[in-house]
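Just so you know, the sequences run in chain order G and S. For the first sequence, my numbering assigns the number 1 to the initial residue and increments by one for each residue that follows. For the second sequence, my numbering assigns the number 1 to the initial residue and increments by one for each residue that follows.
Bear in mind the hints are in silico, worked out from the structure with no lab data behind them. Possibly wrong hints are sitting among the right ones.
What the hints assert, rightly or not - Restricting the straight-line Cα-Cα distance to at most 20 Å, the calculated cross-link-like pairs of lysine to aspartate or glutamate (EDC-like) are:
id, chain 1, residue 1, chain 2, residue 2
1, G, K859, S, D71
2, G, K860, S, E75
3, G, K792, S, D85
4, G, K859, S, E90
As the list claims (entries may be wrong) - Taking beta-carbon pairs under 10 Å as the criterion, some of the chain S residues facing chain G (in silico):
id, residue
5, I15
6, N17
7, S91
8, S94
9, Q95
10, A96
11, D97
12, I98
13, I104
14, A107
15, Q108
Unchecked claim - Cβ pair distances, simulated, as ranges:
id, chain 1, residue 1, chain 2, residue 2, range
16, G, L896, S, R93, 22 to 30 Å
17, G, A788, S, R93, 47 to 55 Å
18, G, K834, S, K3, 45 to 53 Å
19, G, N820, S, S2, 46 to 54 Å
20, S, A24, G, P965, 38 to 46 Å
21, S, S58, G, H790, 45 to 53 Å
Cβ coordinates follow ideal geometry from the N, Cα and C atoms, glycine included.
Residue-level listing of the chains:
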Amino acid sequence: MHFLYSPYIVPLFAAGAISVWVAYYAWSHRTVSGASALALLALAVSDWAIGYALEIAGADLATKVWWAKVEYIGTTTIPLLWLVFCYNYFNQNRPMPARVIAGLGLLPLLTLVLVFTTEYHGLIWSRYFISRTGDFSSLGVVHGLWFWIYWIYAYFLLLIGTYFIIRLIRRKHGLYRWQIIALIVAAVAPWVGNFLYVSGLTPVANLDLTSYGFTVAVVSIAWGIFRLQLINLLPLARDTVVDEMEDGMIVLDARGRVADINPAAAAMIGFSITQAIGRSAVELFGRWPALTKKYEDVLDAFEEISVGEGESQRWFELSLAPLRNKDKTLVGRLITLHDITKRRQVDERLLQLSRAVEASPASIVITDVSGQIQYVNPKFTAVTGYTLQDALGNNPRILKTDQTPPEVHRQLWETILAGKEWHGEFCNRKKNGELYWETASISPIIDADGKIINFVAVKEDITEHRRMQAQLQVQNRYLTVLHEITLDLLNRRELDDLLRAIVNHAADLLHSPYREIMLKEGNELVVHSFTPNQGFLSGERVGRDIAKLAWQAHDAGQPVILEDYSTWADRRTTDDPAPWSAVAEFPVMVGQRCVAVIGIGRSRPGQLFTPEEIQTGILFSRLVGLVLDNINLYTSAMQEIAERKRTESLLQESEARYRQIVETANDLIYRTDAQGHILYVNPTSLRLFGLDRIEDILGKSYLDFIIPDWREKVRRLYVRQFLSGESNTYFEVPVLTLDGHELWLGQNVQVIRDDGRVVGFQAVARDITAIKQAQEALAIARDQAQEANHLKSDLLARVSHELRTPLSGILGYAELLRDNTFGPLSEDQRRVAKTIVESSEYLTNMINDLLDQAQIDAKKLVLRFSECSPADLLGGLKEIMAVSAQKKGLTLRTVLEPDAPVTVYSDPQRLRQILINLVANAIKFTKQGEVSIRILGANPTHWALQVSDTGIGIPEESQAIIFEPFQKVDSSLTGRNRGFGLGLSITKQLVDLMGGQLELASKVGEGTTFLVTLPINKR
Amino acid sequence: MSKPLALIIEDDFEIANIMSISLANEFETEQFADGRAALSRLAQVIPMLIILDLHLPSLSGTDIFARVRSDARLETTKVILCTADALRAESLRSQADIVLLKPISPAQLRQLASRLIGEPR
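Required output: the full structure, derived from the provided sequences and hints.
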């Protein structure tokens, strides 16, 4: 082997040496993923670099070939190791499996074998030679087929490796900028070198720069390791620990700038990671200037801090730690923030709860399962006098008294051991021995496993409450007694009974078996009521020397209480086996005077009278005072009663008289209650109904006696009277007697009131059967007359119809004759013709009037109303009547007064008929002068027709009858004018039908005026 | 100028004759005792006036009246109804131009007829 120095080998040796150093360093950190691969990679690179250097330095072909082959050891392993390094570095905790590496290494191994045997098959180098360019010489080769296969494979591996590096760069936001640059250089450098070599752009022909590229790559990685601790600051740790952890972590470099920050910390301070990195801590924590100032130069700290306020207040555990490198120089600080807001909130709530328990107005006791007290609150201490220290470890039994029935405790334990809540009342004893009552709610506390771990008792002192309740009960009893006594007083009970009742009530209420009452009479007390075995008798007079205690109360005017009578010096001797203990004497005062003394006593020693009980006793003594004071009233009441009795007997007399009247009356008299049940009937009623005894009718409803068809109607009538309270009604009802006779009663019914309320009815009825029958007969007669009228009207209608046709012939021809239609007539002939005409006209009018009258009688006349004009009526009438007036030489004047209505609603035909009748009448009875027709307004609702003449007039005595049918005033006056028949009568009836009035004013010899007033009937 | 035509429909010959004579001065009159005959004549002529008795054999006056009133051709024709039935006269009064209750005075008929044809319909 011969070598020649060439300057090109220096960098290659340098690269080789660096690579070896990198290999050593990486190997020493081989526990880190990718490190061992990096070590091997660096070795391979150094092999390639050194091999290449020796190839260049080789002086002959054989030397160059040999070292070129040695180079291939590196060349064939580098792509694989690069891939493995990149893969392992990228996938920190999942290194590439060995069999994958082995599989991928098959082809490089085969290639290496082929390289060393290429002289025999030319698959790697088909030709080789020394290539020389100036002072640079290397082995020139023509590559064989396998080389290109491997070349493609190698690039494939390199590409994948590079791909991982690039992904790493993209992903690792937490890396130092220089770390990224180092990795980029490592990824790119081999490619640049190789690119330059393959594209022929190398400064010296055939100088393969790929090895330099790899050198740069490993140096760059080494720089990352050496300077930037690329392998030490593990991306993995960041990923899995730092990034994921809930605590915030910030790394500051020596200058206080953010070198690293995890998402949790970023979220806490409100910056994004990319925003935060590189910023100064002062800037980052600008929102909390106080904190920043406080910790600006602090290296080491551990503290709880809070930021924000109210709802958004958060708590952190802040820890600051210095970061030093191996030689202990400070490289930065590590800040960790641990969010303890939740914990703080829980603490806070617990604090509140415990404060609530402490401040609770109810006593709270917590015990363990065995009943040992673990906690009592201050209220408990306040109530019982036991402090927490006193109570701890003790059993609540310390409070127990015999006042609470043992049953209560048994039931309490049963309930709470079953896991249920217990409510109840205890009578307990305080530390000072005082008794008190309390209600308790005791509930077990159950842990997650369902096991009872504690009992909590919440208790309230109800001593006062119970006392009030007891007092209320006593007051209630007192009121009851008061009520009873009031009733007794009203019932005029004997004084002694009354007093005994009051004293007994009082003694019962005050749990005192012994009771007595003594009334003051003169200078002595007289025993009025007592319990046996006291050595007294009712009515016994007791002097001052005997009942000393009672006298004491009498003199003091105040109750006197003795706690133990049996030991009292002045006690009475009695035969009672159970001697008195507590005794109370209450004076009974009327004004300033003591009129009696009540004494009560107990035999059970120690059972004293409470202040409330004494108050009750005083109340009762007042009551007795009241009763005694009312004795005068009682006496006067007795007198009043005697008076009342006398009045009553007077009343009874008067009642007897009335009874006699009622019982002998011819009318039926009876009474019912408000529901109509008969309470009383007089004998007349019984007789009329065919009843024997009054009992047969009492209690029955009055309706039972009314004939069934009428019952509902009658019932409604009297219900109405009941509701309206109308004092009297008259009604005629048909009733049935016992034997089925129908009777008509006309009855007056009055309501009976009590205190304004209708409580019943009283009826006076008369038998009106006979009157009713007469009425019915009349009604039948009336109906028959009506029927006859109908028949008459029909007959007349038919007859008139039959008469009119022949009359038509008579009137028609007579008129034609008279008017010379059939040639001129002689005077006699003309007179005859005229008579025939007039007779026919008379007959026609007669028929018309008869027909009208029949219609009116049968109530069949129909008025046909329409809008009509009084002016037109007047005009039409003048036209018709003018001729007949003229014939008699009379003036016919028509006047429409200004106040006449323009239209009226009426029957124009009948109006005409009325006027024609009146005017014809006027003309008929007037020899000279005038007939005037006026229409005028009578008042806002009525109008009037007035027909006046200057005729003969109507005598006063006839004025009343001229409107009756077929009346003639005086035939001498009417002369030959026959037939003052139906006209006026019909006129009058028509006016009546139209709702008007026909009036007449007349003086014989001066004239007559008819005034018809009619309603206007405005529509 | 010939006189206007008046049709007298009346089954009583004498009454019809009286009417005819009464109106002879002002009208050309034709008499019909039978309703059907009158109707067939009405199909040919347009009379100015019809005097119609309500009580007729074969076809009642009421029917003829209804036909006349419903015939647009006879719109200008005036009708005087005649009857011996006072109640019917009452009830028909609102429908016909004039209703006359028998007996009928020739003078009155003449007067009414002249006045009737003098007023417009």
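- C-beta pair L896/G, R93/S: status relative to the range 22 to 30 Å that was hinted: Given a distance of about 25 Å, which is inside 22 to 30 Å, the answer is holds.
- Interface restraint verdict for D97/S against chain G (beta-carbon cut-off 10 Å): 15 Å, violated
- Query: Do A24/S and P965/G keep their Cβ atoms within the hinted range of 38 to 46 Å?
  - Reply: 42 Å, holds
- Message: For a C-alpha distance cap of 20 Å, please report whether K859/G and D71/S respect it.
- Response: 39 Å, violated
- Message: Checking hints one by one. Is I104/S an interface residue toward chain G, by the C-beta closer than 10 Å rule?
- Response: 6 Å, holds
- Task: Please verify that hint: Q108/S, Cβ, nearest Cβ of chain G, below 10 Å or not.
- Result: Given a least distance of 9 Å, the restraint on Q108/S holds.
- Item | Holds or violated: K859/G to E90/S, with C-alpha atoms at most 20 Å apart | 16 Å, holds
- Was the hint right that A96/S lines chain G, CB cutoff 10 Å? 14 Å, violated
- Hold the hint about I15/S up to the distance rule: shortest CB distance to chain G must be less than 10 Å. This interface hint holds because 5 Å falls under the 10 Å limit.
- Evaluation of the interface hint that places Q95/S against chain G, nearest CB under 10 Å: This interface hint is violated because 12 Å lies over the 10 Å limit.
- chain G contact restraint for S94/S - C-beta distance below 10 Å: At about 7 Å, which falls below the 10 Å cut-off, the nearest Cβ of chain G leaves the hint on S94/S intact, so it holds.
- Task: State, for the Cβ atoms of N820/G and S2/S, whether the hinted interval 46 to 54 Å holds or is violated.
- Result: With Cβ atoms ~26 Å apart, the hint is violated.
Checked against the numbered hints given earlier, the structure breaks hints 1, 2, 9, 10, 11, 12, 17, 18, 19, 21 and satisfies all the rest.
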